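Chains as they are written, first to last, in this note's numbering: chain A, 15 to 314; chain B, 762 to 999.
Some hints could be false.
[Unchecked claim] Below are the EDC-like pairs computed for lysine to aspartate or glutamate, each with C-alpha atoms no more than 20 Å apart in a straight line:
| # | chain 1 | residue 1 | chain 2 | residue 2 |
| --- | --- | --- | --- | --- |
| 1 | B | Lys816 | B | Glu970 |
| 2 | B | Lys914 | B | Glu858 |
| 3 | B | Lys816 | A | Asp198 |
| 4 | B | Lys916 | B | Glu778 |
| 5 | A | Lys110 | B | Glu858 |
Think of the hints as simulated: they come from the structure by calculation, not from any bench. Source: prediction; values computed, not measured.
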Amino acid sequence: MGTFVQQIVNGLTVGGIYALIALGYTMVYGVMRLINFAHGDLCILGAFVGLTMLTGSAGGGHPGAALLLLALVVSIIAIAGAGVLLERIAYRPLRKADRLAAVVSALGASLMIENGIMLIWGPQVHVFPSNLLPATTWHVAGATISFVQVMIILASLVLMAALYLFVNHTRFGTAIRAAAIDQDAARLMGINVNRVITSVFIIGPGLGAIGGLFIGIYYREAYFTMGWTYGLYAFIAAILGGIGNIPGAMLGGVLLGLFNAFAAGYVSSSWQDAITFGLLIVILLVRPTGLLGERVAEKV
Amino acid sequence: MSLLVIADLRVAYGQIEALKGVSLTVAAGEVVAILGANGAGKTTLMRAISGLLPKTGGTIGFEGTDITRTNADRIVRLGIAQSPEGRRVFGTLTVAENLKLGGFTRPPREVPASVEAIYAMFPRLAERRAQFAGTLSGGEQQMLAIGRALVAKPKLLLLDEPSLGLAPIIIQSIFRSLRSIADTGVTILIVEQNARAALKLADRGYVLEVGRIIHQDSAGSLLASGQMQEAYLGRAAS
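Could you put the whole structure together from the sequences, leaning on the hints where they help?
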């Protein structure tokens, strides 16, 4: 019982982070039919920007919640800006080109950001300060729940609910969904599709920066190749939920986190990835378009 | 005064010229039909007017403003809305969301009243307002596409093949609705393969053939003309 509850909490924590990052993949894919391979690296860039804020200004004392919030805000703004820049430089000039060209550009952008992080912060593993948050823990049904876990789970839930409401119940959110269905028809409604694309490159990397910083805070480390590791997990979460589908990315992220935790908790952490991806293959064999992906045939 | 003035418009897809110098005018309050067979360039012309295609030559003027190179979303704001070929409704959005998007360029406060007016015009849409647009029948989707364009309160309504793929009885009902829309004073430019239905609705008509206007006249004369009977109206029917 204790293990079970513990793995649920661990899984939800990691799953919430995966979901935040997966949303960036799925929103960009939804509107542009493009996998932004640089997204994972942008998220980890967010972790590094946040880390610099946290360590640069901490005078040895308890940095506290206010500083953490400041680091989050600065990181979100920086990474959303980087996302907009990325789209202008790496994707917009290729919009009418062959789709493969955009994929190559995305991979190139990923390498550039990754190596840029290495040049600025160095190749070593950076350790996040341990005194960021209260070390409070709770014991529930034999499981230990930390303050950090509660914060990450709650923050992910709030952010996902906010995004869901924005996309489904606002004028601009409906415009984003319309542009994802049919760009030309959206233009005929008077929607500026360029503005929609810019907005998904603000929202996706913005949420990703939070996810990246949460990874740093939770695992208490950051290194320059981390973007690939966690980017891949989040990308797979997006596929699992049905790429292009926003609730799908949320569901996929949480499920992937839970798979991961249960595989680690009940079998072994060295088998964690093999079991997780084995399950994923089974699910995709049954539902190739992902859990919430549409099964509609292309209409003529 | 002419609302829309197109002069020597040219559009090319790579090496292939789809419009080879098309000129036409639409006066305010008029209903103008463009007739032509498949591949004549009708849809290309509509997409070019709405700003979805780059032009290789010529000009498009709307209310005296040159809109040849204006972006599609700006053109909607200037007052040109389109019900595109194949309807292009947003299939995974509800009927109500589709109609609301039609009013994207208008002050949000004014949109609900316009949406209600569309429900009054097409009661079938009102019954299905919470349904996904993709689940509607072809005729209902066409009503939705027309209604969605009307919510924009356009000065000029472009209709691209509203009869495409629909049963004759549905086509009749769609054209009855178009008649009442025209009677409210909306200027309409309609492209149709169903020449007879389009000419009964229109004041004037142009005949487009492989990218060129080859004929223009009043709708009545076109309907009566022997040449037209043979080429586009199908003699046997009358």
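For each hint, the structure was consulted:
Simply put, lysine 816 of chain B and glutamate 970 of chain B have alpha-carbon atoms about 19 Å apart, close enough for the 20 Å limit, and the pair holds. Restraint check: the Cα-Cα separation between lysine 914 of chain B and glutamate 858 of chain B comes to about 17 Å, which is no more than 20 Å; the hinted pair holds. This hinted pair checks out: lysine 816 of chain B and aspartate 198 of chain A have alpha carbons roughly 17 Å apart, not beyond 20 Å. As the CA atoms of lysine 916 of chain B and glutamate 778 of chain B are separated by approximately 30 Å, the hinted pair breaks the 20 Å bound.
For the given pair, lysine 110 of chain A sits about 29 Å from glutamate 858 of chain B by alpha-carbon distance, which is inconsistent with the 20 Å threshold.
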